[in-house]
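Chemist: Below are the chains, spelled out letter by letter.
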Amino acid sequence: MAKQTRSKRAGTCKQVTSLITDYLTGTLDPEITNELEHHLGVCPDCVAFLKTYKKTIQVTQSLLLSGNLPELERSKQKALHKSIGSHNERG
Amino acid sequence: MVEAKSVEARSNRQYFTSYEETGELRSSAGESSRERSLVERLKAGDTDAFDAIFHQNVNQVYRRALRLLGNEADAEDVVQEVFLTVHKKAKTFRGAAEFSTWLYRLTVNAALGKLRRQKRSKEVLYDDYLPKFQKDGHHLVRPVVDWSDKVDDRSDQRELQRLLGQALEQLKPMDKAVVVLSDLEGYLDREIGKTLGLSVAAVKTRLHRSRLFLRGKLAVHLGYSPA
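For the protein sequence lines, the chains are A and B, in the order given. Each position in the first sequence, counted from 1, maps to that position plus 162 in the working numbering. Each position in the second sequence, counted from 1, maps to that position plus 1183 in the working numbering.
Rather than coming from a laboratory, the hints here were simulated on the basis of the structure. Errors might be hidden in some of the hints.
To be verified - Quick list of in silico lysine to aspartate or glutamate cross-link-like pairs, EDC-like style, CA-CA up to 16 Å:
#: 1; chain 1: A; residue 1: Lys216; chain 2: B; residue 2: Asp1335
#: 2; chain 1: A; residue 1: Lys213; chain 2: B; residue 2: Asp1335
#: 3; chain 1: B; residue 1: Lys1377; chain 2: B; residue 2: Asp1229
#: 4; chain 1: B; residue 1: Lys1272; chain 2: B; residue 2: Asp1335
#: 5; chain 1: A; residue 1: Lys244; chain 2: B; residue 2: Glu1264
#: 6; chain 1: A; residue 1: Lys213; chain 2: B; residue 2: Glu1259
#: 7; chain 1: A; residue 1: Lys244; chain 2: B; residue 2: Glu1281
#: 8; chain 1: B; residue 1: Lys1315; chain 2: A; residue 2: Asp207
#: 9; chain 1: A; residue 1: Lys244; chain 2: B; residue 2: Asp1319
#: 10; chain 1: B; residue 1: Lys1297; chain 2: B; residue 2: Glu1342
#: 11; chain 1: A; residue 1: Lys240; chain 2: B; residue 2: Glu1352
#: 12; chain 1: A; residue 1: Lys217; chain 2: B; residue 2: Asp1332
#: 13; chain 1: A; residue 1: Lys213; chain 2: B; residue 2: Asp1329
#: 14; chain 1: A; residue 1: Lys244; chain 2: B; residue 2: Glu1223
#: 15; chain 1: A; residue 1: Lys240; chain 2: B; residue 2: Glu1264
#: 16; chain 1: A; residue 1: Lys176; chain 2: B; residue 2: Asp1310
#: 17; chain 1: B; residue 1: Lys1226; chain 2: B; residue 2: Glu1281
#: 18; chain 1: B; residue 1: Lys1387; chain 2: A; residue 2: Asp184
#: 19; chain 1: A; residue 1: Lys176; chain 2: A; residue 2: Glu197
#: 20; chain 1: A; residue 1: Lys170; chain 2: A; residue 2: Glu197
#: 21; chain 1: A; residue 1: Lys240; chain 2: B; residue 2: Asp1260
#: 22; chain 1: A; residue 1: Lys240; chain 2: B; residue 2: Asp1335
#: 23; chain 1: B; residue 1: Lys1297; chain 2: B; residue 2: Asp1229
#: 24; chain 1: A; residue 1: Lys238; chain 2: B; residue 2: Glu1352
#: 25; chain 1: A; residue 1: Lys238; chain 2: B; residue 2: Asp1231
#: 26; chain 1: B; residue 1: Lys1274; chain 2: B; residue 2: Glu1223
#: 27; chain 1: A; residue 1: Lys216; chain 2: B; residue 2: Asp1329
#: 28; chain 1: A; residue 1: Lys217; chain 2: B; residue 2: Asp1335
Because the structure is a prediction, the values reported are computed rather than measured.
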């Protein structure tokens, strides 16, 4: 079999790590997905890696969503609106 | 499939899918018609229309800038920059469906410009926090520990948030923008790419490396190897 130097493979931990984003978004080729899932079935290190990667995404989303972002204060809205108007009058 | 995102994030993904399919805003017919009318009046130089557009959109622009920049003063600067541009260049866009996208891109690019001008001393080398591999492709440090449950220990949440916030600030500006737009706002890779001038492959690469970096920071915080 010709060495597949350019095509994606999911036979090693390094290859699995590099494909993890596409795997999570379901955009991997089915054959590669099968290979990756086969690897996960025999590699506890990569299973642990995948769980921690997914947790990282989840925690990042929680952080970015945590707390309601404030509105721009009314007084500042007015001031900005006014300054934009002045800018435009000056041309 | 990708983990569930916020309602806002999901709606943004749906928005862009719909926009690309139909060229129309994904909104109620009433809202589309009202926005179209405002945009047409804005193009004609109607200052009342500009005022209405400003008030309708100022908080969305501000919040998006705040997510990207992390501080109010810079976010306010972005608001000013964006709406100055809107006023100056209103005549150049074709219709309401393009306006919202244009506003979003103006905001992201203005924020990105600010991020780039911020002190670069915040950035750290990613390599110290990325996984490493042996020549045969196995993880260098084994076993790889699954610390995902440890993250949910409530007693550490504030410190965790502080750490992750700090780690986000340590990302390169473009990488931070990609993470925020993808993982918070739920934009598709191709839309992020169009906005930031990146190929889809580049967006994916940056997102992946950033996530690996953040993962490494979390691992170290919890007392584990990032590798």
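Chemist: Output the indices of the hints that this structure fails to meet, ascending.
Modeler: 3, 4, 6, 7, 9, 10, 11, 14, 22, 23, 24, 25
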